[in-house]
Amino acid sequence: MFRNNYDNDSVTFSPQGRIFQVEYALEAIKQGSAAVGLVSKTHAVLVALKRNAEELGSYQKKIIGIDTHLGVALAGLAPDARVLSNFMRQQSMSSRLLYNRPVPIARVVNAIADKAQVNTQHYGRRPYGVGLLVAGVDETGPHLWEFQPSGMVLEYRGAAIGARSQSARTYLERNFEAFPDASREELVLHGLRALRDSLAQDKELTTANVSLAIVGEGEKFKLYDGEEVADWLEKLGSTQSSRGSRGAQAAAAPAGASGSGEGGDSMEVDA
Amino acid sequence: MFRNNYDNDSVTFSPQGRIFQVEYALEAIKQGSAAVGLVSKTHAVLVALKRNAEELGSYQKKIIGIDTHLGVALAGLAPDARVLSNFMRQQSMSSRLLYNRPVPIARVVNAIADKAQVNTQHYGRRPYGVGLLVAGVDETGPHLWEFQPSGMVLEYRGAAIGARSQSARTYLERNFEAFPDASREELVLHGLRALRDSLAQDKELTTANVSLAIVGEGEKFKLYDGEEVADWLEKLGSTQSSRGSRGAQAAAAPAGASGSGEGGDSMEVDA
Amino acid sequence: MFRNNYDNDSVTFSPQGRIFQVEYALEAIKQGSAAVGLVSKTHAVLVALKRNAEELGSYQKKIIGIDTHLGVALAGLAPDARVLSNFMRQQSMSSRLLYNRPVPIARVVNAIADKAQVNTQHYGRRPYGVGLLVAGVDETGPHLWEFQPSGMVLEYRGAAIGARSQSARTYLERNFEAFPDASREELVLHGLRALRDSLAQDKELTTANVSLAIVGEGEKFKLYDGEEVADWLEKLGSTQSSRGSRGAQAAAAPAGASGSGEGGDSMEVDA
Amino acid sequence: MFRNNYDNDSVTFSPQGRIFQVEYALEAIKQGSAAVGLVSKTHAVLVALKRNAEELGSYQKKIIGIDTHLGVALAGLAPDARVLSNFMRQQSMSSRLLYNRPVPIARVVNAIADKAQVNTQHYGRRPYGVGLLVAGVDETGPHLWEFQPSGMVLEYRGAAIGARSQSARTYLERNFEAFPDASREELVLHGLRALRDSLAQDKELTTANVSLAIVGEGEKFKLYDGEEVADWLEKLGSTQSSRGSRGAQAAAAPAGASGSGEGGDSMEVDA
Amino acid sequence: MFRNNYDNDSVTFSPQGRIFQVEYALEAIKQGSAAVGLVSKTHAVLVALKRNAEELGSYQKKIIGIDTHLGVALAGLAPDARVLSNFMRQQSMSSRLLYNRPVPIARVVNAIADKAQVNTQHYGRRPYGVGLLVAGVDETGPHLWEFQPSGMVLEYRGAAIGARSQSARTYLERNFEAFPDASREELVLHGLRALRDSLAQDKELTTANVSLAIVGEGEKFKLYDGEEVADWLEKLGSTQSSRGSRGAQAAAAPAGASGSGEGGDSMEVDA
Amino acid sequence: MFRNNYDNDSVTFSPQGRIFQVEYALEAIKQGSAAVGLVSKTHAVLVALKRNAEELGSYQKKIIGIDTHLGVALAGLAPDARVLSNFMRQQSMSSRLLYNRPVPIARVVNAIADKAQVNTQHYGRRPYGVGLLVAGVDETGPHLWEFQPSGMVLEYRGAAIGARSQSARTYLERNFEAFPDASREELVLHGLRALRDSLAQDKELTTANVSLAIVGEGEKFKLYDGEEVADWLEKLGSTQSSRGSRGAQAAAAPAGASGSGEGGDSMEVDA
Amino acid sequence: MFRNNYDNDSVTFSPQGRIFQVEYALEAIKQGSAAVGLVSKTHAVLVALKRNAEELGSYQKKIIGIDTHLGVALAGLAPDARVLSNFMRQQSMSSRLLYNRPVPIARVVNAIADKAQVNTQHYGRRPYGVGLLVAGVDETGPHLWEFQPSGMVLEYRGAAIGARSQSARTYLERNFEAFPDASREELVLHGLRALRDSLAQDKELTTANVSLAIVGEGEKFKLYDGEEVADWLEKLGSTQSSRGSRGAQAAAAPAGASGSGEGGDSMEVDA
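Chains as they are written, first to last, in the UniProt record's numbering: chain D, 1 to 271; chain W, 1 to 271; chain Z, 1 to 271; chain L, 1 to 271; chain G, 1 to 271; chain P, 1 to 271; chain H, 1 to 271.
Be a bit skeptical, because a hint or two may be false.
Per the computed footprint, the stretches of chain W lying under chain Z, defined by three or more beta-carbons under 8 angstroms from a beta-carbon of chain Z, are [stated by the list, open to error]:
hint	segment
1	17-25
2	114-126
3	141-151
4	170-178
5	200-209
BS3-like, lysine-lysine: derived pairs with alpha carbons at most 30 angstroms apart [stated by the list, open to error]:
hint	chain 1	residue 1	chain 2	residue 2
6	G	K222	H	K41
7	W	K115	Z	K115
8	H	K115	G	K115
9	D	K235	D	K115
10	L	K41	L	K222
Calculated directly from the structure, the hints in this document are not laboratory data.
We put the beta carbon where it would ideally sit given N, CA and C, even for glycine.
Can you make the complete structure from the sequences, with help from the hints?
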């Protein structure tokens, strides 16, 4: 398709009222590995896939703690996520300093949303190239939000972003009714199952490629990595995989989407 | 049609004196789901269609409360609406602080209009990509205004914006004489009927896709969502639908307009 | 005609010394509905046509009061007119505060003219897309000025702007000698007759499409709308129409000009 | 002729060292009606042609008083002339305030020249589109200067700018030796004759199309318009016209130049 | 491949969500000579290849000391590296001044990462054209980080950047398990072997082309150059080369990569 | 020759390392009339040709006095020269105020050179379109400098700029050895002879087209114009012309160069 | 070769990671005449070729003294060199004022390098178009540095820049081992021989085209010009020329390089 002149910056509408640069930023998210979030009445959980695991180095962080009651999972440009995370940390510290309380989740989420919107309406900047799942607990209980480069933020019971995340979303849609009353353990397992569904056919969740974070009422945000997730994977193994029913559909996934995993080297998407 | 050079920014007139970027911004509004507003001598009502209802998450807000006497319904880019809403909230708070009174509706509406006009006359910004219906009550009674990205604001007895809103507008035009003296309940039902007329042929208003807000003299702005609208829909069901007379025309609606509902994924229009 | 490169901004002269963007701005004025102003030794009068009258909503204001001795009629982009009106109001308030007198008409007119000229000589802005007729009374008596986007302002005995305003101007040219000594009533009727001549063949002046404002020595600026103009129209009806002699010429008007009335939906020209 | 890339702004030299935008600005001057200035040992005189005289309105000012000892005639964009005039007025007021004397003519002329030069060397502005004849009297006697958009200013014994001004200049060149010792009346008549020579074949100087201003030692700058110039025209009528000898040449003037008078509607050149 | 319009600045996403200018900056790194870093439980080591050794002049620095506990190796544009190094030095001095301690490695690394990210999201700058390996020791022990122009930073056990660095990385991947418990000497030898593997087939490590730096717990950052590395090379010589197994693969390296060594004259890559 | 993209602003090098806009600025100088400067052990002299002498007006100044010990001759855009002259005057006044001495010639020359260089290295400005010969006397004796738009300044014993100045330069090269010990009168005559050699074949130096300025040790900078140069021309007449030997070469001068004299009307080069 | 879009400013990487504008700036250096620098244990020497020697004027300075312990030789755009020299002088003065010592050579060299790097990473400026050889003596002995427009600076034992400097560099490479222990006289002769090798076949070093500067421990920076270099040239004459062995190679030099000497007129390269 020929799109002339309308897709070079984020301050130009196309004749159809679209802002292509914002849409292109979403593509950067799709090149990041998958992340899943979900929330019960007592807990919020983030699980994420670490891609291109290299033994030599640390993984690109997929989950970042912001405060004791708050953290994010990301898909897309990691440096952009770091900038947004730092901003959230400042907001959180300000709240503790000025109001002597942890920042409410909705407030900090709206703060980054407003920050992101500016980049879609002023010349000379580009939209953030990263999506975030924000999980936290505040006076009104546990919350899960999704942030997008457009400045759109929505609260979810369960959400998934990144490469092949549609499969994870399908799992969440089928099981979300169980989330509110799920125990801490059940909630994590739901998350892992959803994440597992986003894997390519020949991949499995391992201690090497899974990051996991839990925050709850009375439980501080904590990130589990490497051997720390072994117990969870073991419990997951003893549960039934939904992969059988997913196989055909995954096989039918377009090669491009599946192949985006290898593209990680050319651009610093989180992987 | 070939439009060379004149539609890339909002500071360039076409040879016919048009500003295409402002017109393109109107297209973003048309991609949002429909919203309807109407006003009687005692009340102002907003009803809106929540599109792409997903069980996993919250709906993109179609109606936003600004103050106890004031709220907006939106169609178009939700992040732009949030920015404008926040600005209205600041105006409202200032009024209470400085003048010890709720901000007059006309004043706050003109404030966002001026803010929007700036983006149509200075390089390096884009017009807001959202339309608003502003409903409120002040010392001069209930009011309904429509805001457009051009910075144009007009007061209406009844108004409709968003996808397929022409059908809703037709309903309003046929019935507006009854609005001034309508009771609170009648006014809401008029709004729901207008909204129902904007639905595609095979859709119905449900507790899942309707948002509703009422503000009146002596009644604070209140948003009704989900089960809270069940009673209203029940009452609506027992009234006669105007859909029969509308059918042929709706069926003739261009596929593109009807299909814009599915387009919600590619851009953050409110849906 | 091919005009390459010279018509994209208002800081570039064409090889013939023209500034096309300023000329294009004049086109926006022509898309607004007609407005007429005229002045006698004692009064200044503005009459204007409200276009696309919709029963649902208020009309886009065609006449705006600035101060008790001063008001404007507009044709073109309404939001631009609002910005200029607000600016005039500030000038007027400043005059009362600082000099304890109503601002002289010529002074406030030159103020907006200078403001407009800046937009024709600095990059990154566009010319205002609106023409104004400014009517007021000051220590030197009643005055009528026309303002154009170029920053040009001229004082007139009678003037007309907007769609099909040439016909109104023809009426004014034929009758202007009677204006100075016309009574308040005669002056208004002259204005209405001129405005009537700008109507399309099959249209008539009605309480629904006429706005009218009068300011005079000892008479504050007052706007008459809707039923308030009924008396005037009745008086007008009993006078002889000049339409007979105008018919052929109006019929010969280009379809485009006549059809611009329907174009009001695509751009926020005043209508 | 194809001029690629070098004529879009005033900060780019052509390969031949020309700045086309400045040259194009001169074209705007040629579209204004003619103005003539001349100076004797005791007086300086400005005469100018008011074009497109419309009975409805005031003429676009061709001559503007700046101070009691100083005024200008203009050809080109009237709003630009107003901006420069205002600037000269400020300079003049400053001089009276700070130095307690009328501003020297050369000083104020150089001030606008420097102001104009800036617009020919910095990006984002355009050259002024107007030429000025500045006439004034200071401690060193009467002076006449010509100002051009390039920032060039030169002192003259007699000068002419605007449409068809070459004919006026020819008159001045033939008669300039008589200027220094001319009486006040003779000087004005020389000016009118020069101006008359710039008229198209079928036009005459009338009280309706001539503006005239005189400033002298002991005589404050005064503008004569309308009936005030009747006496001068009467005296002129009794003198011999040089038009006979000019006829053939004027008839041979290119249609474009002659026709530029009608072009006044499309752009706000002074007319 | 034709990439239209999306690769001219770092504030434009391609339709696939890529930022080409950032990717092009990575190419500048690949044109620099190789650098290798690795870390044990007690030490961090940097080794680097000095290219185009010219007897006349000093080598372009490949390793730069920042503070007594901290230094960097670079590949790419040397002037950009100097700017970043100076910035790191300031950070380090600030830390000592304000907090009376050496700056933590992670903190200073994140500081340059944030600085670099800004250049990828704001118009009018270019991304830094250099990669860095940061080696240091702080309260949490020895660390090695890699910095990229995108603003991405990752901690590694062993890392290699610059021309032909893939071969070095292969060595590191095969031997990294030995690094944590390696002695100071063993660690250096691992580094030199990895670096040696990045050489073209007919080159050898010599005192003329190797730079080496060591920092450890209780051992300040120290750079070894020229004859100072002779002992290390001697020890290396007595160890077994892995080049045999590498030969075929190196021979198969694209001529372009191998030839980039000669390209050093046209651009100031570090060499 | 096709020069794509490299000649539109002064901040872009061509692939050959040239800055075309600076070179184009030199062309503006060549369109000005010739100016010659020369210096002895006791005096510095400037002579210049006033072109397009018009009886009606003053000549465009070719020589401008800056201070009692300092003046300039110019070729090129006169308004640019005025700006630079004013700047030199400020420098000179500052020197007298701050250091109580006339500004040293080299210092003021370097000040304008630096000012000019900025315009060749920063976007949004254009190089000055004028060349200057600066003649002055300070504590180190008489000096002559040439200033160019590139910001280059060089001291000369004799120099010539402007149209056909090569012929003048040839004279200077043949006679410069006589300058140091030349008397005041001889020096002037050398200058006039050089200037005469730059005339077209059929032109002569006259009191109408020659400007002349002298400054010396104990002799303040003084400009001679019109009848004031009559004595000098008389003395020149009695000396032998070098035109005979120059004839053929001048006749062979390209028509374009010779014709540039008539081009003075289209652009405000000094003439 | 076609290089589209990547070579117009210094903030755009080419797909190969090159910054063409910086490379083009190097071309400006190659158009300057040659300069040579070299350093012993006690002295640093600069020698340079003055090109296009004109008897009328001073030479464009090829060597500039900065302070008593410091000076530079330049090749490329002389005005850029002057700007950088002034900056170095300020640095030097600051050092004396603040620290009461001559500025260390490395420090002042890095200061201009950082200044130059900024112009390669920020939009709206161009890289400096000049190369410098910086010779000086500080507490650590004599030093020679080369500065390039990229912001790269390297210390050398001997270095050569400018037109045909490769031949000089070849001489330096063959003889550099003798430099450290060379006497003051020997060092100068080495420099002159190297410079002589950069001459075209039919040129010789003369008192008219050689500039020379010496600085040493206990010997202040001093520039020798004209007759001051006669002694040195005499001594050189009695030494054996290396030109015989160089002839063929020089003859084979591309005409373009050799011809660049005549190109000095079109652009203000140092010559």
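Now for the hints, and whether the structure bears them out:
Residues of the segment 17-25 of chain W with a Cβ under 8 angstroms from some Cβ of chain Z number 5, which satisfies the need for three, so the listed coverage holds. With 8 residues having a beta carbon nearer than 8 angstroms to a beta carbon of chain Z, the segment 114-126 of chain W meets the requirement of three or more and the stated coverage holds. Coverage of a stretch by a chain is defined here by at least three residues with a beta carbon nearer than 8 angstroms to that chain's beta carbons; for the segment 141-151 of chain W and chain Z the count is 4, and the condition holds. For a cut-off of 8 angstroms, the count of residues in the segment 170-178 of chain W with a CB near a CB of chain Z stands at 3, and the three-residue condition holds.
Counting residues of the segment 200-209 of chain W whose CB lies closer than 8 angstroms to any CB of chain Z gives 0, which falls below the minimum of 3, so the coverage claim is violated. Using a Cα cut-off of 30 angstroms, the hinted pair G:K222 and H:K41 holds, with the two alpha carbons roughly 26 angstroms apart. For a cut-off of 30 angstroms, the pair hint linking W:K115 to Z:K115 stands: about 18 angstroms separates their Cα positions. The hinted pair formed by H:K115 and G:K115 meets the criterion: a straight-line CA distance of about 18 angstroms does not exceed 30 angstroms.
Between D:K235 and D:K115 the CA atoms are separated by roughly 40 angstroms; this puts the pair beyond 30 angstroms, and the hint is violated. Taken as a hint, the L:K41 and L:K222 pair is honoured in the structure, with Cα atoms around 18 angstroms apart against an allowance of 30 angstroms.
Hints 5, 9, counting from the list given before, are not met by this structure.
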